[in-house]
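Number of protein chains: 2
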Amino acid sequence: MQPFRAEVEQRFRDLRDRIVAGLEALEPAGAKFNRRAWQRPGGGGGEMSELRGELFEKGGCNFSAVSGERYPFVPEGEGAPAAEELQGKPFFAAGVSLVMHPHNPFVPVVHMNVRYLAVGSDVEWFGGGMDLTPFKPFAEDTAHFHGVLQKVCGPERYARFSRWAKEYFFIKHRNSERGVGGIFFDYLRGKEDGAFAFAVGDSFLPAYAPIVEKRRGLRFSEADRAAQLRWRGRYVEFNLLYDRGTIFGLKSGGNPDAIFMSLPPLVSW
Amino acid sequence: MQPFRAEVEQRFRDLRDRIVAGLEALEPAGAKFNRRAWQRPGGGGGEMSELRGELFEKGGCNFSAVSGERYPFVPEGEGAPAAEELQGKPFFAAGVSLVMHPHNPFVPVVHMNVRYLAVGSDVEWFGGGMDLTPFKPFAEDTAHFHGVLQKVCGPERYARFSRWAKEYFFIKHRNSERGVGGIFFDYLRGKEDGAFAFAVGDSFLPAYAPIVEKRRGLRFSEADRAAQLRWRGRYVEFNLLYDRGTIFGLKSGGNPDAIFMSLPPLVSW
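Line order of the protein sequences matches chains V and S. Residue numbering for the first sequence is 993 to 1261, as defined by the working numbering. Residue numbering for the second sequence is 993 to 1261, as defined by the working numbering.
Chain V extracted, bound-state conformation (with noise of 0.2 angstroms):
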């Protein structure tokens, strides 16, 4: 492995460890992320963090980086390398990806991931995202999370990025947004992206963390629950009809139980 994806890696793995540790904070009653690691056939592997506490219903905070021989994805979006300059080239992927799913249906959901990617021998970029689904949107809460997200990125990334995620964080078959948005970002190949893209990943804790504790003590109906099992379905269906890093995971032979870590605990249709 060449010395700059060693560094990548071990960068990832302080960043999952920061957030596991700031996410177990919220946990009342001292509820811990369980780690499991796993190795992917292919190459590489990664190590899944899932939590199941009071606060969180259901958890997951995944680290992994995985190498294979052909790159399995077609290339799609917004500053996307050529198709010719991926299929079938050897590449390396790692990357960090949350998402939590609250018990309380008042404490929204959020999602982030940051990832690098190589793929043959000139190509590579950083992606990632972060987005909050709020089963009833609280207009202070958007406007704290996204505030922190427009400080990290400043205004042109943050008006290129939100406008991204407005349209990536949509589920076309309802014709609606996924929830109150957030930032997505593909293909960035410039000197300073990854220190942007690690800034990303460390903002996650200033922009969730206040929300939570806002809205943790909220007290709900069991009406109010059997909404929030339905609204679920909705995440469902967008992580696996649209979601690119579930679709690259399953497609690159990555482990099911670290990719579905995403899928709320329980859900009704």
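Possibly wrong hints are sitting among the right ones.
When chains are identical, the list treats them as one kind, so a pair holds in a single copy or across two.
What the hints assert, rightly or not - Pairs of lysine-lysine, DSS-like flavour, derived with a Cα cap of 30 angstroms:
hint	residue 1	residue 2
1	Lys1243	Lys1128
2	Lys1164	Lys1243
3	Lys1158	Lys1243
Hints were generated in silico from the structure; no laboratory data involved. Note that the structure is a prediction, hence the values are computed from the model and not measured.
Following the hints, put chain S in place on chain V, whose structure we already have.
Relative to the frame of chain V, chain S by itself:
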């Protein structure tokens, strides 16, 4: 509409009526399917019928007959017409589709579909299938189900179509069949294939109802129920990631509520 299309449409409606009546007769406390018509903005529509009963926690038996200006699907699999014969041409699609999710974990989930497609002025075919997905398979139930299918297919078709089902109802990312199989067929363009497709539709009740009667009284524990909810996740994964009907429906602007009637009522991951 051509006279043949109107006739096919009526035959599918009648098939739906017979099946709905047969399934309602199994419900112990008189639960009935709830029918709702829907219109497709691009042309046609359907009638969904949903059951929320005591025996069947959730079930759907949908009739649809939709048409559109451009066939939205890339044909794939054994016997598929060439892409040029289909792409961008006007189409008509009609059929009946059902999925039943029993409450008792020992009563198997079942799926059945028969459909007719016409694309452009020259290409038309029948397709369909039926498969059984028991949480805990009983060899005797599997033998009964396949026995009925063997009879309606005859030996040559049964050999081909049950092999096709093994390939089709396969959850690739879990490297596992969805259940204990059944039959799957598509692109049947012979003169007698319409009669065959409707015979398959009418074999559904004799294939399934005796299994329901045999297993409905079995007692189950809370642990069985929890395991059933986790196991149902595989069904969702299959339908959203691989199922042609679901993907065709969503891509052709079908009604998501009708399409997702196939999804289990309560699922855990």
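Status of each hint after checking the structure:
1. Lys1243 - Lys1128: Close across copies (29 angstroms), not inside one copy (34 angstroms); limit 30 angstroms.
2. Lys1164 - Lys1243: Both: 22 angstroms inside a chain and 9 angstroms across chains, each within 30 angstroms.
3. Lys1158 - Lys1243: both (25 angstroms within a copy, 20 angstroms between copies)
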